[in-house]
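Peer 1: The residues making up each chain are set out below.
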Amino acid sequence: MKLETLKRLNTARDAREAAILITDVTTGDERLVLEKDGYAGDPLEEELGKRFRSGGSGMVRQPEGGDLFFTVSVPPPRLVVVGAVHISQALAPMARIAGFDMSIVDPRTAFASEERFPDVPLYAEWPDVAIPKVGLDRFTALAALTHDPKIDDGALTAALAAGCFYVGALGSRKTHGKRLERLRAAGVDDAALETIHAPIGLAIGARSPAEIAVAILAEVIGALRRRGMAGETVA
Amino acid sequence: METVTSSERVLDVLATAEGWRGSGRDVAIATVMETWGSAPRPVGSHLVVDSEGNFEGSVSGGCVEGAVVAEAVDVIADGKPRMLEFGVADETAWRVGLSCGGRIRVYVEKLD
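In order, the protein sequence lines correspond to chains D and S.
Just so you know, we're using my numbering here: the first sequence kicks off at 1 and counts up by one.
Just so you know, we're using my numbering here: the second sequence kicks off at 236 and counts up by one.
Keep in mind that the hints were calculated from the coordinates and are not lab data.
Since the structure is predicted, the reported quantities are computational estimates derived from the model, not experimental observations.
Do not take every clue at face value.
Derived lysine-lysine pairs resembling DSSO-like cross-links, with alpha carbons at most 27 Å apart [said to hold, decoys possible]:
(1) S:Lys-315 with D:Lys-7
(2) D:Lys-36 with D:Lys-50
(3) D:Lys-2 with S:Lys-315
(4) D:Lys-178 with D:Lys-36
(5) D:Lys-7 with D:Lys-36
(6) D:Lys-174 with D:Lys-7
Computed from the model, here is a short list of chain S residues facing chain D with C-beta under 10 Å [what the hints assert, rightly or not]:
(7) Glu-253
(8) Glu-306
(9) Val-308
(10) Glu-320
Short derived list, chain S residues pointing at chain D, Cβ under 8 Å [said to hold, decoys possible]:
(11) Ala-250
(12) Val-304
(13) Leu-346
Just so you know, even glycine gets a beta-carbon here, dropped at the ideal spot from N, CA and C.
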């Protein structure tokens, strides 16, 4: 491997950009493909697409002979929680244990206090200010938990636009119905709205804040694994 | 946007490889490319080795690291990449202790 190639790969990883290093194990030739640069028309386009989605590294045997190894690097998953509420207090340690980098957005400073959320990055600002700082991407999940449309709606719209792998919102079916009407009126298309997980969390009959946190985290993990993204990327 | 945290970076094998090379050390990178049966480390796992035999990371649960490190020192010396295979049927692998019943192929290349 050339040091230059390794530097480019590490730079992409630091910037949370998906990258694939293709190594011809017969010749030692290598090339790096960054997802953001696009790969349409690449002779290996289909394989690249499959692996960017799955996140899994592996050997690819060429029909004409020769083995190519794909070192696939996709960013570690993140969870952005809008709402520094009781559920979020239970969710923070669980998410950390499950391997998610979690951060919290809530403009209500009485909620978003360090005392309530030790060791969690807190953004005590409105989502339109905080979300660009957090930086949503396809490897980020967003859960809107404030119950307040003034706070939740903007964050949900931003998450759908960013292609977050999971977008969930707290609230009953009735509450969600009204939410869909508002977002539709704001110009969000139906296909995107259908991807919102609401009522939030797997249906396990959760009652307490901690149980609801379990249901949410399980649903987030389900979304992550269904998109086939391997948790362990380049070790 | 936040980047990976420093603790992750410390344990990050590819970052270590870049750092070691950057400080002038000769370095080889070993990568698990294929596994069959029970293998403790997944495909894509890395081990970085320098010419003194210092290493970080893992390609097995500790079973074959010693053998990989020895080969890596040779790869650093001659610059030629090679594919190593370890399995329970392989006498070397048995001796170095890949007793979990799995089989792995590990590619070792010099970081130029």
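Peer 1: A separate judgement is required for each hint: does it hold in the structure or not?
Peer 2: Tested hints:
1. As the CA atoms of S:Lys-315 and D:Lys-7 are separated by approximately 21 Å, the hinted pair is consistent with the 27 Å bound.
2. For the hint linking D:Lys-36 to D:Lys-50, the alpha-carbon distance of about 15 Å falls within 27 Å, and the restraint holds.
3. For the proposed pair D:Lys-2 and S:Lys-315, the alpha carbon gap of about 13 Å is at most 27 Å, so the pair holds.
4. Of the supplied pair hints, the one linking D:Lys-178 and D:Lys-36 is violated, its CA atoms being roughly 36 Å apart against a limit of 27 Å.
5. Of the supplied pair hints, the one linking D:Lys-7 and D:Lys-36 holds, its CA atoms being roughly 17 Å apart against a limit of 27 Å.
6. Distance check on the hinted pair: D:Lys-174 and D:Lys-7 sit about 51 Å apart at the alpha-carbon level, beyond 27 Å; violated.
7. Against a cut-off of 10 Å between C-beta atoms, the interface hint on S:Glu-253 holds, since the closest Cβ of chain D lies about 5 Å away.
8. Residue-level restraint check for S:Glu-306 is violated (minimum Cβ-Cβ distance to chain D is 15 Å; threshold 10 Å).
9. Interface hint at S:Val-308: violated, since its Cβ lies 17 Å from the closest Cβ of chain D, which is beyond the 10 Å cut-off.
10. For S:Glu-320, the suggested interface contact is broken, since its CB lies about 12 Å from the closest CB of chain D, more than 10 Å.
11. Nearest Cβ of chain D to the Cβ of S:Ala-250: about 6 Å, under the 8 Å cut. The hint holds.
12. Annotation: S:Val-304 was flagged as interfacial toward chain D, and the flag is violated, the nearest CB pair being 17 Å apart, outside 8 Å.
13. Interface hint status for S:Leu-346: upheld, as the beta-carbon distance to the closest one in chain D is roughly 5 Å, under 8 Å.
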